[in-house]
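**Q** Residue strings, one per chain:
2 protein chains.
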Amino acid sequence: MQLSRSIGLAAALLVSVTHAQTFQRLGTCPTLGCVFPPDQADFLAGQFFDIRLEVHAPINGSEANGLQPDEKFTFTIAKGKGKAVKASDYFKIQEPKLERWNFSWYEDLFARDAKKPSIVNVTSKAYRRIALYESGEYTATLTYNNGNTTKATWLVRNLEEVRKTKNIVLFIGDGMTTNMITAARLIGHKSINGKYQSKMQLDKFPVLGHQMTHSIDSFITDSANSASALYTGHKSSVNCLGVYADSSKNPFDDPKVETIAELFYRLTGGHVGIVSTAFIADATPAALTAHTRDRNQYGAVIDSFLNGITNYTWTNWTGPDVLFGGGAEQFYSPDLGGKTYMNKDYYQEFAKKGYQVVWNKTSLVSTPADKKTLGIFTVSNMAKWLDRNVYTTNLNQSLSPSGDKTAALDQPGLKEMTLKALDILIKRSGDKGFFLMSEAASIDKMMHVLDYDRALGELLELDDTVKATIAKLKEKHILKDTLVLVTADHGHGFDVMGSVDTRYLAAQNVDRKKRDAVGTYQNSGLSQYINTGNLTYTDSNFPSNWDPRYTLFQGLMADPDRRENWSVHKDGPREPAVPADPAQSPVAEYVANPEDGEGGILLNGTLPVANDQGVHSLTDVPVFAMGPCQEKFGGVYSSIDIFFGMAECFGLARGKPSGNYGHHD
Amino acid sequence: MQLSRSIGLAAALLVSVTHAQTFQRLGTCPTLGCVFPPDQADFLAGQFFDIRLEVHAPINGSEANGLQPDEKFTFTIAKGKGKAVKASDYFKIQEPKLERWNFSWYEDLFARDAKKPSIVNVTSKAYRRIALYESGEYTATLTYNNGNTTKATWLVRNLEEVRKTKNIVLFIGDGMTTNMITAARLIGHKSINGKYQSKMQLDKFPVLGHQMTHSIDSFITDSANSASALYTGHKSSVNCLGVYADSSKNPFDDPKVETIAELFYRLTGGHVGIVSTAFIADATPAALTAHTRDRNQYGAVIDSFLNGITNYTWTNWTGPDVLFGGGAEQFYSPDLGGKTYMNKDYYQEFAKKGYQVVWNKTSLVSTPADKKTLGIFTVSNMAKWLDRNVYTTNLNQSLSPSGDKTAALDQPGLKEMTLKALDILIKRSGDKGFFLMSEAASIDKMMHVLDYDRALGELLELDDTVKATIAKLKEKHILKDTLVLVTADHGHGFDVMGSVDTRYLAAQNVDRKKRDAVGTYQNSGLSQYINTGNLTYTDSNFPSNWDPRYTLFQGLMADPDRRENWSVHKDGPREPAVPADPAQSPVAEYVANPEDGEGGILLNGTLPVANDQGVHSLTDVPVFAMGPCQEKFGGVYSSIDIFFGMAECFGLARGKPSGNYGHHD
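Sequences listed follow chains Z and U, in order. Be aware that the first sequence starts at 6, since it is given in our numbering, and climbs by one per residue. Be aware that the second sequence starts at 6, since it is given in our numbering, and climbs by one per residue.
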């Protein structure tokens, strides 16, 4: 998820929970007694997790009952139909100490407008780093307020412990839907009389699935929560990385769940690679090692990549073999303007632990494959395929990863990063195998700013990367030992409904007449992106013309005010809306950017006016699978089943406690 | 596809082709020599088809060359690398006679505005009811204008002739996308902490695929063309039923291709059933037996159901065992206001051929299963699930199938029709097996009018019907002998992006403030459709409350002007836009309906203002498969592959000529 200025503001407030849940006191706790992990949670046998209990005493509002928060609540665990046992006895740990806090929330938008928050006092306990080993159902029971109970039914899935794949490569097209794949195919592949003359690599996968991306407590998710579901088997709340959201103010004390990367490393010594075209502290990469209720703790995320979780006892972690992406500002020294964890220079921190550090494509390609490698190629998000390959003058910005304010002109793409990551992981992992997560982040980021062309360019680059990955795995004779998955973390409500005669659109002076430029059904005609123009690239299957007369009539369904001309944005990523009053901070209201969408139709948005970009959508997203265990990924299932599928394929279930594997560096 | 008044107008003009192809002279003919079937066409061995050749002589416009249309063009067929043989010799038929006509078209929107059509003179020949039997590639070559050639490469697929399934049930959710399935699941199934407590029947299918729905000559399709692709293995043009579009004025002389229903009946004597919630002459059912370039020839479509194609020699056809749906106006006598083929009473025509005729649910359920049965339950499209089950007063309209202007109160749903169709087909087909097509037509029709609630109700009814079908097949011990497919013919750009606090929306007076009622991400909250309200039905898995305070923030991306309040339309299907000037006919311009979307946000549309409803979209649509041959339907493929998959599963390929099977009545 691309954080807009407005959403970024909301997210910053999340730390106090106050403003986060306009319609819910605490999402996974409909009663006043809360158990996290909540009812219906599934677990991998032997997966580490924390338990958080809360008892809520609302002081005002519709739930107020005049009670003080209970200090004497009790908590038991029962396996199957067995006897309920005090949790500290069950897990053979000390009884945690009681914690107290309060928080406030708004019951609805009317309460928000009237500035009437509801205040809740809380008593709480947390059980840290425990695990369930025996498969089957468990009942966790919180008893509070003189006999009220909250029961959580937990299921430890019965999975085989035998390992079925040596390696897994997980591609995530952030925000990528089937609709977008269809559109990318149309502009990137030639068709004659309705028959495509070439195929997307994704179209060649033998197994297709759909996964449901909804949150645990809202039906629309963000990329933090959705990545956590994919990596841990636990759905959670918006903005959460590897934790369930509690109501405390501290963003680092929420109950954690162990991730596929952590499990794979702890239990088997497997090697891990992390690649993204986003700033590398962004949610999708972050969720592999970070554990926080607030995805915006970027500095802490970077530290977690290197050092794992250090504020509580947690799983053993000594850093991935590969960490490639953008976001230099979380690495270079605050002296240069960096925003780093505890003001350290994280290039140095990584180097101290034996990492090579590379800052551009040339170094990336030539660097040896036998060392752990950190590759940071730009400040903020990496340059888009369209700017690296077509509108290259847009690279002239002060974004050098060194922090020296020069331009980051020599940036790799997802393909170069992924292929190098594979070289390193293959070289270093030996018989241990590897797990690589590679994210095409800017499909999402460009959909957020309604920059459909750039988004589809990123999608075609992902497909090209998947194709090159399969070729590399084949060349290294490990294709049959490697499960390749391509999926998304959520969607955007995007589709293509026809074509636009941009010449006719520009020639009209009245918006209602401009709409005549839209051709639907038979008038949509054929794609002009492939059969006209003369752009050529090293990689095939990208448009030969990004600026044809007849473009795609495409868009989202949840928008800020904007002007649409359905033409490529040649000056860099689109900015559809701007502050109504640029002097106002924080921005209360956005209007259509007068410099965007020249000659287009002015359209009023549907989103709250504090939004300057589009939002995520509900739709199930596709899963493409090839390799060992591919059959586990067909049909329709929950996002958490991706975790369980990968964990079972790696044989990570443990019917009894297992020590840390050790570490490699 | 629901025909809007505006689109209906355009469609009516299609007969002359003149206005149909704003951007193309003739879609599948980029040069001046045209061969239909065109280059890249695939065939089932032994499938009947016609060939149409055209030579175009543009009189004016950018293609004008001063030539008269060639009368001496020649046409040859070559198998593989073999010798090119004159087509009439190859097929052992008489050389067809030369035809002549002219047509006009606009080169672009500027030419349309300037009223400057391009005129084209045409010479043509047609070869009727031929077939290719040997698998492999063929080259068809048209030589015209002193040595210019148009070459078409045709492929007869190499398919096994052995039959693998006894029966096929093909469900088509018209316009249904993955996005809609996700939304329907959210409102129809209960979830606790992100885990669904019940599954859609579709979610239980073992095999999932995606099919590409684009037209042969435009990337957006309609339901005629897309159904033809599913049933014949030949993509064609918008508005075409079982033909390639030629440029002649006659809508019944276009080159035909044989359908799965015709093939199954002709070659094996298999029994066919046709069920739809649309008027039964609508495109999706029509495409099984009709062959016309103009889907609006409703009377002729009804005649084709009963008598097959009679104006040319074609495949043997004696009517389906079951024909259930709406559209009584194409059956009852013109004396009662009927609009029938050659002014006949088609209830009588069907009765004469031995059909039982039923007009309501009560008769449908009780009628014997051993006779061919025609069931027509209303004028126009059938009542929607939401009106039959919740807002029942909306049924009080003069729509009796008898034509007597009383109300059609006792209408069956898709489930009752489908289950009865199965009873009849099972009883009558014996060892011959059956093919049943059952269409949930109003998913599409309600999406067209932006009536999301009714559309999702129809989708949930489809899912319920599939569930009941599987139970029936199991009960009759033929589940293992029956391939069950559920797919769509195209999409609409629909998604859900959050929730709407309808109480807050209604309480605001300014549109920009109303937008604050929209909750995205964490503020989308949980679905209130299942956990509130007290509606109950015979069938589970429908919402218990269609009118909660927090509704879905949902919509399309290609709209007319409209007012959105994101609330259920209790007074019957939505009418989002109305004529700007009701006195004007045909309607030139639509504006938001002032009586629709009370208290909502006024939104400007993106479609040409002559549109009063939404349009189709590009997205690949899902395919769910279960039963014999299910493995043929996984992954990503073209819509035509559904035909080839079904045909192979039925074993319909024929390496040498095969007589008609005969007939049954």
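Keep in mind the hints are simulated off the structure, nothing from the lab. One or more hints might be untrue.
Intra- or inter-copy, both count: the list cannot distinguish identical chains.
Calculated cross-link-like contacts (lysine-lysine; reagent style BS3-like; alpha-carbon spacing at most 27 Å) [claimed, not checked]: (1) Lys-485 to Lys-97; (2) Lys-637 to Lys-204; (3) Lys-479 to Lys-637; (4) Lys-637 to Lys-209; (5) Lys-575 to Lys-156; (6) Lys-477 to Lys-204; (7) Lys-171 to Lys-479.
Source: prediction; values computed, not measured.
**Q** Now, for every hint given, state plainly whether the structure supports it.
**A** Quick rundown of the hints versus the structure:
1. Lys-485 to Lys-97: Neither: 43 Å inside a chain and 52 Å across chains, both beyond 27 Å.
2. Lys-637 to Lys-204: Answer is both: 24 Å inside a copy and 18 Å across each meet the 27 Å cutoff.
3. Lys-479 to Lys-637: The answer is both: 22 Å in one copy and 26 Å across copies each meet 27 Å.
4. Lys-637 to Lys-209: Intra 17 Å, inter 14 Å, cutoff 27 Å: intra and inter.
5. Lys-575 to Lys-156: neither (56 Å within a copy, 39 Å between copies)
6. Lys-477 to Lys-204: Only inside one copy: Lys-477 and Lys-204 sit 19 Å apart there, 39 Å across copies, limit 27 Å.
7. Lys-171 to Lys-479: within (14 Å within a copy, 41 Å between copies)
The structure does not agree with the numbered hints 1 and 5 stated previously, though it agrees with the rest.
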